[in-house]
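Chemist: Listed in order, the protein sequences are those of chains A and B.
Residue 249 in my numbering sits at position 91 of the first sequence, and the numbers go up by one each step.
Residue 246 in my numbering sits at position 245 of the second sequence, and the numbers go up by one each step.
Hints were generated in silico from the structure; no laboratory data involved.
One thing to keep in mind: the hints can contain errors.
[Said to hold, decoys possible] Just so you have them, the derived chain A footprint on chain B, three or more residues with Cβ under 8 angstroms:
hint : segment
1    : 9-23
2    : 315-321
3    : 392-400
[Claimed, not checked] Straight-line Cα separation of at most 20 angstroms, EDC-like style, residue types lysine to aspartate or glutamate; simulated pairs:
hint : chain 1 : residue 1 : chain 2 : residue 2
4    : B       : 309       : A       : 232
5    : B       : 309       : A       : 255
6    : B       : 5         : A       : 275
7    : B       : 5         : A       : 281
[Said to hold, decoys possible] Simulated DEER-style distance windows between Cβ atoms:
hint : chain 1 : residue 1 : chain 2 : residue 2 : range
8    : A       : 349       : B       : 385       : 42 to 48 angstroms
9    : B       : 355       : A       : 254       : 44 to 50 angstroms
10   : A       : 177       : B       : 377       : 44 to 50 angstroms
11   : A       : 298       : B       : 394       : 22 to 28 angstroms
12   : A       : 349       : B       : 8         : 35 to 41 angstroms
13   : A       : 288       : B       : 308       : 27 to 33 angstroms
14   : A       : 349       : B       : 291       : 56 to 62 angstroms
The beta-carbon is built from N, C-alpha and C at its ideal position, and this holds for glycine as well.
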Amino acid sequence: MLEMQNVTKAYRTDLLETHALREFSLKVEKGEFVAVTGPSGSGKTTFLNVAGLLETFDSGSYRLDGEDVSRLGDDARSQVRNRRIGFIFQSFNLIPDLDVFDNVDVPLRYRRLPAAERRERIDAALELVGLASRRKHLPSQLSGGQQQRVAIARALAGDPALLLADEPTGNLDSLMARQVLDLLEQINEMGTTIVMVTHDPELARRAHRNVQVIDGQVTDYKPYEPSSATVTPLHPAVAGGASRA
Amino acid sequence: MDIKPILSSLRRSPTGALLVALQIALALAIAVNSLFIIVQRLELLNRDHGVDVENTFVVSWVPVAGRFAGEPAMREDLQVLAGLPGVVAATTVNAVPLSGGGSSTSLYTQPGEKGQRGDINYFAVTERGIEAFGLELVEGRNFDATTVRKLPRNGSEFVPEVILTRAAAKELFKDEPAVGRTVYDSLGQPATVVGIVAGMIGSWPSWDQAGNVALFPVIADEQQARYFVRALPGRRDAAMKAAEDALGRIDNGRVILRVRPLDYIAASTYADDQAMTVYLAVVIALLLGVAALGIFGLASFNVGARTKQIGTRRAVGARRLDIVRHFLVENWLVTTAGVVVGCVLALLLGLWLSETFELPRLKLYYLVAGALVLWGVSLAAALVPARRAARVSPAVATRTV
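Start from the sequences and build out the full structure, keeping to the hints where you can.
Modeler: Right under this line is the structure:
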């Protein structure tokens with residue numbers, strides 16, 4: 159699903175060069191739930207940005223879902239993000255002026271899907287995260303946990319191959335954090351690959367596998383060993399059948 | 002297109018957008034009406050005046066009491082002027098065309114102030130009047146020299162013949178032939194229409210009937226008479242100098258006050274119109290500039306305030322073009338709201354101006370032009386912030402501050 163080989167990423171200013179990723183290599187198999195941990199400044203977020211094609215990298219290679227995405231142009235990267243990757247951000251990143259329905263609709267509009275199909279996907283995603291009755295609510299009218307569930311619905315509505323979560327419970331209290339984590343586990347059990355960046359060891363323990371990053375390098379890496387867990391498909395409208403538009 | 006979510010977003014944070022839309026509405030209403038007035042003024046300035054403005058000049062003089070010989074002295078001066086090199090013709094006039102000062106009377110098609118009435122600006126000229134003004138005689142004939150005479154001062158005597166402009170003839174006789182017909186003054190005294198000239202703007206260029214002009218075969222009274230002279234093309238300035246010198250050499254009891262070209266006199270008359278044109282053009286430019294700044298300011302503020310949102314949109318799949326389009330569409334919606342309200346305001350303002358200052362009604366295509374210009378200005382003003390928004394990195398989405 160995700161395969162990075164010797165990826166290097168440095169941030170440069172006139173006076174300083176900071177190596178955020180050094181010879182970073184990681185392989186995540188389809189259906190895995192991987193937690194990427196490490197102390198602040200270790201390169202976790204840079205890894206997430208590179209994995210999510212939010213940033214380019216200097217050298218190395220990156221294959222996503224079988225396709226080399228190392229040197230794609232800006233528009234092509236936007237398209238890959240839109241169609242194959244779902245993002246869950248620490249601060250939810252919902253658009254405050256849009257209601258729940260329209261927030262989930264944002265990536266689908268950029269995919270130019272017909273209105274009826276968008277509506278179907280949004281309904282299914284909101285149903286999955288338990289917020290079908292809140293579709294007309296503004297983010298400010300929801301709790302933090304509900305907002306993060308809207309963000310998860312937004313990520314899932316596009317039927318991504320990979321879900322990238324950046325400290326998904328960082329802004330939530332423990333009860334809401336548990337609910338969100340339960341939801342992520344449920345989504346993973348349905349077959350969606352999840353890579354979660356966190357500095358919370360408690361959270362990381364719930365993943366199939368932990369990858370520790372220090373100074374921009376993977377220091378603790380174990381290859382994936384598939385479990386015998388049953389894989390249940392997502393809601394058909396969200397999964398969009400086998401095909402991804 | 003993302004109109005629905007953008008509209009929802011605008012509905013939930015309407016203040017800035019409403020203020021800019023109002024600014025656009027006011028700019029459109031004022032700019033369109035200003036433009037309409039400018040165009041009217043330019044039409045006034047650039048219309049065919051009939052009189053040969055570029056090649057004519059006026060000699061102003063005053064008689065010296067007890068020494069001025071009257072009509073013979075004026076005939077003598079006219080003869081001298083007509084004989085100068087480069088001069089085509091000269092006449093006495095009671096008033097100067099396009100000068101802002103003149104005489105008018107009412108003429109009727111029937112005696113006793115009956116029939117069709119025309120308010121006519123008249124000029125007392127000699128048999129050389131048509132030539133001196135540079136008018137085109139299109140029907141009938143010119144005055145005969147024997148018809149031209151000096152009328153008693155403060156008398157009520159009318160003239161036996163008149164020459165009308167086409168506009169004056171149409172006013173009195175509609176589409177019927179005017180030559181040979183009789184017109185009457187308010188005392189019922191008749192005069193025969195002997196000729197029609199193509200067209201001439203009279204003394205008051207801003208008057209809505211400025212083309213209603215009649216020529217009377219009269220030597221103007223010396224208290225108001227001036228000499229009106231036409232030179233050959235390109236020889237006016239030399240003729241003016243020669244006229245001043247030649248008349249200065251004749252001592253017939255009058256003092257030459259000044260010799261001025263007609264274009265100078267007309268420019269003085271039109272000075273207010275020209276000043277208003279410039280003033281209104283500056284107002285339009287300022288209004289459009291301020292509107293553009295408002296749009297630029299709103300779009301820049303929105304881009305600055307929504308950096309994280311833009312990053313998020315980019316992260317979930319928006320291309321740079323999608324971001325540019327988002328801000329341009331948002332700006333277009335605000336501008337369009339302003340344009341719609343502005344069109345209504347422009348019509349109301351136009352109606353008020355029309356009724357208060359007796360101006361023509363605002364033409365609708367000015368609204369169309371104004372709306373197009375404001376859309377263009379607004380697009381240009383929003384483009385820079387929109388492109389700045391498109392440069393926001395999608396990685397902004399993962400930043401926590």
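Chemist: Could you run down the list of hints and mark each one as holding or not?
Modeler: Do the hints match the structure? See the list:
1. 9-23: holds (count 4)
2. 315-321: holds (count 7)
3. 392-400: holds (count 5)
4. B:309 - A:232: Measuring from Cα to Cα gives roughly 19 angstroms; hence the hint holds.
5. B:309 - A:255: holds, 13 angstroms
6. B:5 - A:275: Cα-Cα ~17 angstroms, so holds.
7. B:5 - A:281: holds, 18 angstroms
8. A:349 - B:385: 42 to 48 angstroms: holds, 46 angstroms
9. B:355 - A:254: 44 to 50 angstroms: holds, 48 angstroms
10. A:177 - B:377: 44 to 50 angstroms: The hint (44 to 50 angstroms, Cβ to Cβ) holds, given that residue 177 (chain A) and residue 377 (chain B) are roughly 49 angstroms apart.
11. A:298 - B:394: 22 to 28 angstroms: holds, 26 angstroms
12. A:349 - B:8: 35 to 41 angstroms: holds, 37 angstroms
13. A:288 - B:308: 27 to 33 angstroms: holds, 31 angstroms
14. A:349 - B:291: 56 to 62 angstroms: holds, 58 angstroms
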